[in-house]
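Number of protein chains: 2
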Amino acid sequence: MNNDTNVTWHEHRVSRDMREAKNNHKGCVIWFTGLSGSGKSTIANTLDHMLHQSNIQTVVLDGDNVRHGLNAGPGMLQDTHGEEFAKRFGLGFSAIDREENIRRIGAVAEIFTQTGVIALTAFISPYRIDRDKVRNTLKQGDFIEIFVDTPIEVCEQRDPKGLYKKARAGEITGFTGIDDPYEKPLNPELVLSAAEKTPDMLAAEIIGFLKNNNYIRG
Amino acid sequence: MNNDTNVTWHEHRVSRDMREAKNNHKGCVIWFTGLSGSGKSTIANTLDHMLHQSNIQTVVLDGDNVRHGLNAGPGMLQDTHGEEFAKRFGLGFSAIDREENIRRIGAVAEIFTQTGVIALTAFISPYRIDRDKVRNTLKQGDFIEIFVDTPIEVCEQRDPKGLYKKARAGEITGFTGIDDPYEKPLNPELVLSAAEKTPDMLAAEIIGFLKNNNYIRG
Chain A
500 MNNDTNVTWH EHRVSRDMRE AKNNHKGCVI WFTGLSGSGK STIANTLDHM
550 LHQSNIQTVV LDGDNVRHGL NAGPGMLQDT HGEEFAKRFG LGFSAIDREE
600 NIRRIGAVAE IFTQTGVIAL TAFISPYRID RDKVRNTLKQ GDFIEIFVDT
650 PIEVCEQRDP KGLYKKARAG EITGFTGIDD PYEKPLNPEL VLSAAEKTPD
700 MLAAEIIGFL KNNNYIRG
Chain B
500 MNNDTNVTWH EHRVSRDMRE AKNNHKGCVI WFTGLSGSGK STIANTLDHM
550 LHQSNIQTVV LDGDNVRHGL NAGPGMLQDT HGEEFAKRFG LGFSAIDREE
600 NIRRIGAVAE IFTQTGVIAL TAFISPYRID RDKVRNTLKQ GDFIEIFVDT
650 PIEVCEQRDP KGLYKKARAG EITGFTGIDD PYEKPLNPEL VLSAAEKTPD
700 MLAAEIIGFL KNNNYIRG
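Chains A and B, in that order, are what the protein sequence lines are.
Residue numbering for the first sequence follows the numbering used here, starting at 500 and increasing by one per position.
Residue numbering for the second sequence follows the numbering used here, starting at 500 and increasing by one per position.
Excised from the complex, chain A in its bound form (with noise of 0.2 Å):
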């Protein structure tokens, strides 16, 4: 901030709590982690529409906006800024790659949060260690993990990708909860029932939280 501070001016910086008042309702990361087909997306966006059509500022975090961006993979980074580039900062899925791929996302969901919105993180995230990573970055509060408790059998029923049947086939490795773990959180601020419950249902429960808690207002 201050390597360019011209030191006869005031500083105009628009503090958090400006930004928060001005919203009329707190900044948060409310991080979901579940299984692939949990419904951790179907959640996340029904709840940001719910939000937003109660002038909630906020954003969705999930594969769509992030894999092919922020995170993109060496396949995609290497067309546009070449081989060497592409090999040292292109994310796959190792589990170091999978590591950085969470830790940045929790940045940028750490700097909506302090511009006073709301982060809808939507990622399987399967490690805790990962995620509690990105809990101790954040202020207190401010990370609220939401676990999508759907059945392996539900979402491997669901498949919606099509991604379960190719890890079963041995054409994917390294695939949570099949070939790779997922550890559910131990401390989670809500579990979600999310194969006995609509998303809407689930959305309101989530919003239930946010008013007793008074990230936004009741």
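What the hints contain is simulated information worked out from the structure, not anything from laboratory work.
Please note: incorrect hints may appear among the correct ones.
All copies of an identical chain are treated as equivalent in the list; a pair is satisfied when it fits inside any one copy or across any two copies.
Using 25 Å as the maximum straight-line C-alpha spacing, the simulated SDA-like pairs for lysine to any residue come out as follows [unchecked claim]:
(1) K696 to G707
(2) K525 to N564
(3) K638 to F584
(4) K638 to G589
Put chain B on the given structure of chain A with help from the hints.
Then chain B, alone, in the frame of chain A:
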């Protein structure tokens, strides 16, 4: 193994149009570029303050909120993520690392733009090719490049952090304008004569541009 092919696009329920309609202004990136000490950060924060007072959704991306999180260096990552991770993903100041630094900032600014926010970025961003790559990832009109055209003599006289002095003394190498090039934009949307005007005057100039080009209401 490259799982890039498993990334599929699907429509978000709250579109950019819906967010922009609710916010009553467009999202875009205002990309400030110029030498260290040119006034980028001061102008960005002055503009940010004016826009915020007009109920416009904004974010400022600068060294403050990017270098300590999203684009942390190896030293910072080592403590939290270990040595191998820090070595692989920590950003230094080599050309390729600067390229990735700017690429990630552009990707985050794009997400803000998609969210209907005006993202103000204040980085030296000395290389034309890196700025142009960001421009090219964005939709036509979403990238507003502003050259903060302060003569190096003025920047060096201001030297708010004493960096020019260190660079002249050889204590810092690869310093933009001294022993590393600054490449002026060839076709920026705006050029600011930042040595001759106050930050308030310059911010007002940018607001005029935003109104004339229908990013915000006149």
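Going through the hints against the structure:
1. K696 to G707: within (15 Å within a copy, 50 Å between copies)
2. K525 to N564: both (23 Å within a copy, 19 Å between copies)
3. K638 to F584: between (34 Å within a copy, 24 Å between copies)
4. K638 to G589: Between copies only: 23 Å across chains, 29 Å inside a chain, cut-off 25 Å.
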